[in-house]
Amino acid sequence: MKKILFALMCLFPLALFADGVELPKAPKCWTVPAVFTADEEVTFYYDMTDVGFQEGVDLYLWAWQPTEPDAGHGGNSSDFAKLEYLGNNIYKKTMVPTQYFNSDVSKFEDDAWPGFWQRLKTKDGSMWSGVFAAPDSRSEFKEFKKSGDGIRFFSGKKDKGFTDKFTLDEPLTVVFNPDVYKLGEKTLTELAKDADFVEFAAHSGLNDWTVQQTLDVWRPAVLAKTGLKKLSNGLYVWNVGVPSEYYAYNPQDAGQADKPTILADPDEKAAFQLENMTYLIIKVIKDAAGANQWGVNSGDQKQKAGTATPYPDPVFSYFPTRLSSKDILTLTREYNERTAGDLKYTIVAGTKTITGTMPGVRDKREVTLDLNKELQGVEASELKVTVKDQHDKTVVTSTIPLVVAD
Amino acid sequence: MRTITGNLFAIGLLFSTAMAFTGCSTVDDGSYTAPITLSEKISGKWVVNSVMQTDEANARTKTLTDLLDFDTFVINLNQDEAGNPSTFTVEGSAPMLLPTSGTWKMDYNFTKSDNTPSRLLLNDGKAETALTVTAVPGNTKTLEYRLTRKTNGQPFVSYTYNLTQAVK
Chain V
47 MKKILFALMC
57 LFPLALFADG
67 VELPKAPKCW
77 TVPAVFTADE
87 EVTFYYDMTD
97 VGFQEGVDLY
107 LWAWQPTEPD
117 AGHGGNSSDF
127 AKLEYLGNNI
137 YKKTMVPTQY
147 FNSDVSKFED
157 DAWPGFWQRL
167 KTKDGSMWSG
177 VFAAPDSRSE
187 FKEFKKSGDG
197 IRFFSGKKDK
207 GFTDKFTLDE
217 PLTVVFNPDV
227 YKLGEKTLTE
237 LAKDADFVEF
247 AAHSGLNDWT
257 VQQTLDVWRP
267 AVLAKTGLKK
277 LSNGLYVWNV
287 GVPSEYYAYN
297 PQDAGQADKP
307 TILADPDEKA
317 AFQLENMTYL
327 IIKVIKDAAG
337 ANQWGVNSGD
347 QKQKAGTATP
357 YPDPVFSYFP
367 TRLSSKDILT
377 LTREYNERTA
387 GDLKYTIVAG
397 TKTITGTMPG
407 VRDKREVTLD
417 LNKELQGVEA
427 SELKVTVKDQ
437 HDKTVVTSTI
447 PLVVAD
Chain S
532 MRTITGNLFA
542 IGLLFSTAMA
552 FTGCSTVDDG
562 SYTAPITLSE
572 KISGKWVVNS
582 VMQTDEANAR
592 TKTLTDLLDF
602 DTFVINLNQD
612 EAGNPSTFTV
622 EGSAPMLLPT
632 SGTWKMDYNF
642 TKSDNTPSRL
652 LLNDGKAETA
662 LTVTAVPGNT
672 KTLEYRLTRK
682 TNGQPFVSYT
692 YNLTQAVK
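As they're listed, the protein sequences go chains V and S.
Under the numbering used here, read the first sequence as residues 47 to 452, first letter to last.
Under the numbering used here, read the second sequence as residues 532 to 699, first letter to last.
Derived by calculation from the structure, the hints in this document are not laboratory data.
Some hints here could point you the wrong way.
[What the hints assert, rightly or not] Here are a few chain S residues that face chain V, going by a calculated C-beta distance under 7 Å:
| hint | residue |
| --- | --- |
| 1 | Y639 |
| 2 | E675 |
| 3 | L678 |
[What the hints assert, rightly or not] Negatives, chain S to chain V, calculated, CB over 12 Å:
| hint | residue |
| --- | --- |
| 4 | T564 |
| 5 | T568 |
| 6 | V578 |
| 7 | N589 |
| 8 | A625 |
| 9 | N654 |
| 10 | K657 |
[Stated by the list, open to error] Within a straight-line C-alpha distance of at most 25 Å, the following computed PhoX-like cross-link-like pairs (lysine-lysine) qualify:
| hint | chain 1 | residue 1 | chain 2 | residue 2 |
| --- | --- | --- | --- | --- |
| 11 | V | K419 | S | K681 |
| 12 | V | K71 | V | K204 |
| 13 | S | K657 | V | K372 |
| 14 | V | K275 | V | K348 |
| 15 | S | K681 | V | K372 |
By construction, the Cβ of each residue, glycine as well, lies at the ideal position given by its N, Cα and C atoms.
Start from the sequences and build out the full structure, keeping to the hints where you can.
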């Protein structure tokens, strides 16, 4: 039954863009925080690589669950639906879903809610992405509550599965069940009722305190950054965001610039081998004089990091390794740059020049050629191959020798 | 002991001699039929099932079937009235790795006793292209042959055509 509902939900907007082009592909979407409730601010990130829009073109959100905020404007999207382009084919949209969709948070927590179904589109509706559901965190919260665990690290992207093996550049949210997690003898729920309670906050560092975000209880900006937030579903979250950004700066007193750590330096960051996070969860209290102090805390804790798997460097290859001018040749370029787009090849063989595009997706672009046909009547002992990206930047130059068949 | 073995040997010899003679006698088993030749099995109209390119340097392969119209490849291996190989024609717009018309024959019309593969020879009047037959049609009507390109006698690339007999 649910599946039928989903299908209907997906079909409904089809009628709306009779005039536009519907691209078959949908973007990859993830969120920061990694897990969130709909009444908290969340940023949806969209990787448009391979979807088919022109690089960097203005894109707008078209969403219809639980309400359709931009209804009736398929041919002229409203400004509030506009995405921000971050470069590298990545867009983002920051919102508080309950406000954007003008709906109560309970709508987003209902099991019957189909999810954040949406498309991205150009303003005039001439081009639409495929339909997709942006992630929501109903299942994660539900499962966590049921598990009986007091704390869990949610690192990564929902479509690939969350892991507690966090990495520098993947979104990280640490979730606490206040009825289970204890500081000293008392649960967070109990401690939050104390008269001296200000907030729960994290004092933490990476690689055994090599890089730190200290809990400076006298600094409001630090309390805001490191504080645990109580969600409407009763759980607490420590929104680390992206660890490499969280640990790049420590907020200072009002009016003072943030203090950078080594991770603020791109070269240092690139060389940084993440191993672990050390942290304490602290009850921040107000003392008799009205000043913030560290109260009861978790003591030193350590979380092991995962291994980041970077996208591989581009690889150009041709098949077969030896060939004559009468053979079939395949040129392949794998793991292309995010914005390389369609690749254009030029092959010079003697007096003949062959040009064309290498179709495919970012992971693999490939073209197969019949040299027998292309090089008819041409004498050549080698092929000079040049491959350019969509910005006319040369990404490959290669020489393929030709053998003479017996 | 030795006598028993000797006797057994003598009896065996007698039997085999007797059988040899009976084998020569004419048994009425109908009129004489020549054995089926490879040419007969291989002649016909064949449509492509798959085309595979093999890098002979490292044995890596690439499927070409859905590329460059290879899937349109059809070869007609015709026979004359006497059932002997005659002309061949290639249809479709696949890359012309093979000659497109001429005459064909087998290098030997029966399975070779030394188990070396049979070769299908295509002659377009200018040159002879030898294809190694890697699957002979039998119960399954599949013909497979391989075109191997060599330089200085060393194979460097080959193309394997897997074909299915067209329903006439």
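Identify every previously stated hint that the structure contradicts and give their numbers, smallest first. 1, 2, 3, 7, 8
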